[in-house]
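Enquirer: Take these sequences, add in the hints, and give me the full structure.
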Amino acid sequence: MHIQDSFLVGKWAVAWFGASSVFVSKGIYDIARHSRRVAMFKPMLGLLSAAVFFISLLPVPVPITGTSSHPVGTPAAAILVGPFASMVLAVAALLLQALFFAHGGLSTLGANVFSMGVVGSLISYLVFRTGRRIGLSLAIAAFLAGCLGDLAVYCTTSLQLALGMPGAGGLPLTKAIQTFLILFMPTQLPLALLEGLVTAGMVTYIARVRPDILRNFGLVKGSDLKGGKQCHIKLPY
Amino acid sequence: MSHKITVLIGVLVLCLLMPVWAQAGEQWQGTDDLVDRKMGEMTGVTASEPLIDIAQGNLGLFLFAAGGFVAGTVFGYQWRKIFGEKAEKRDGQ
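In order, the protein sequences belong to chains A and B. If you read the first sequence in this note's numbering, its first letter stands for residue 0, the second for the next number, and so on. If you read the second sequence in this note's numbering, its first letter stands for residue 2, the second for the next number, and so on.
You may find that some hints are simply not true.
The calculated DSS-like cross-link candidates involving lysine-lysine, where the alpha carbons are at most 27 Å apart (straight line), are [to be verified]: (1) K174(A) / K10(A); (2) K41(A) / K25(A); (3) K174(A) / K39(B); (4) K10(A) / K25(A); (5) K41(A) / K39(B); (6) K39(B) / K10(A).
In short, the hints are calculated from the structure, not lab data.
Expert: Structure (structure tokens):
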């Protein structure tokens with residue numbers, strides 16, 4: 000989802016900046032509010048910011064296709080600190096990657112934040128919450144959230160490239176989307192499974208070692224886990 | 002438990018053997034690069050030069066190593082705060 004500079008025409012680059020800024024503003028507000036209420040929120044945010052930066056920069060080789068790509072990291076962050084705070088982490092990671100690692104561009108930062116931060120976080124969080132609501136275990140719900148969140152990011156990137164590529168007038172939108180999906184999906188499907196495993200691993204590890212954190216973040220009820228301390232604060236995200 | 006360890010070892014071996022099974026002509030090319038090339042074919046537009054050209058000498062290696070070090074340090078520091086022994090005592094006050 001690292002769309003490079005000059006791959007989106009100006010109006011689409013500006014539009015994605017505008018769309019992302021609404022969600023990121025809510026994320027900054029959420030971080031300020033939750034940091035005051037939950038002791039472990041800031042350390043978790045710091046840990047996940049490093050994880051999102053590293054995971055979304057890490058090229059993982061896929062043997063079937065012989066190509067490499069990277070997971071996105073935002074699904075785990077969205078589950079653990081909330082979808083809007085996760086979007087702010089995506090901004091920090093993508094900005095550093097655009098400035099120092101030649102991954103993505105500054106003019107396309109809004110589009111990249113929208114796909115990886117906004118869509119990746121919201122889809123993952125909704126899948127996780129829905130999964131928990133219909134009775135799936137913590138691990139399965141997190142796995143599905145990781146998989147579907149990862150794939151949603153690359154579907155969004157394909158749409159962004161198809162909509163905003165320069166001189167796209169002659170090419171039908173569906174054909175353009177299909178072209179980019181064909182490039183992404185063979186590599187990204189196995190990586191989505193990996194992202195699901197990593198997400199499930201992170202959530203279940205925290206559930207085992209620090210169940211009080213998940214309770215404090217409102218991710219599990221007291222009866223869902225054994226051990227740990229009881230929850231007194233439930234976050235509204 | 003032993004079943005889990007066997008599965009983990011299997012996954013690790015699979016990961017290590019990945020390079021042996023690569024089928025593509027140009028191995029381990031990133032999908033971002035494939036998109037860059039496709040965009041060039043479709044529109045004639047190529048990606049703008051990055052602000053910092055990391056292809057110069059060992060600059061890319063330095064930046065990736067430094068980035069990994071900083072991310073690892075931040076991750077480890079916060080990990081200790083969250084999962085370290087003292088963290089539970091602090092939260093239990």
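Enquirer: CA of K41(A) to CA of K39(B), is that 27 Å or under?
Expert: violated, 41 Å
Enquirer: Below or equal to 27 Å on CA atoms is what counts here, so check K174(A) against K10(A).
Expert: Judged against 27 Å, a Cα distance of about 21 Å means the pair holds.
Enquirer: Does the alpha-carbon distance linking K41(A) and K25(A) stay inside the 27 Å limit?
Expert: Holds, at roughly 17 Å.
Enquirer: Hinted pair, alpha-carbon criterion (27 Å max): K174(A), K39(B). Please report holds or violated.
Expert: Distance of about 13 Å is within 27 Å: holds.
Enquirer: Run the distance test for K10(A) versus K25(A): straight-line Cα separation, threshold 27 Å.
Expert: Satisfied, since the Cα-Cα distance of roughly 24 Å is no more than 27 Å.
Enquirer: Holds or violated: K39(B) with K10(A), Cα cutoff 27 Å?
Expert: holds, 22 Å
In this structure, the one hint that does not hold is number 5.
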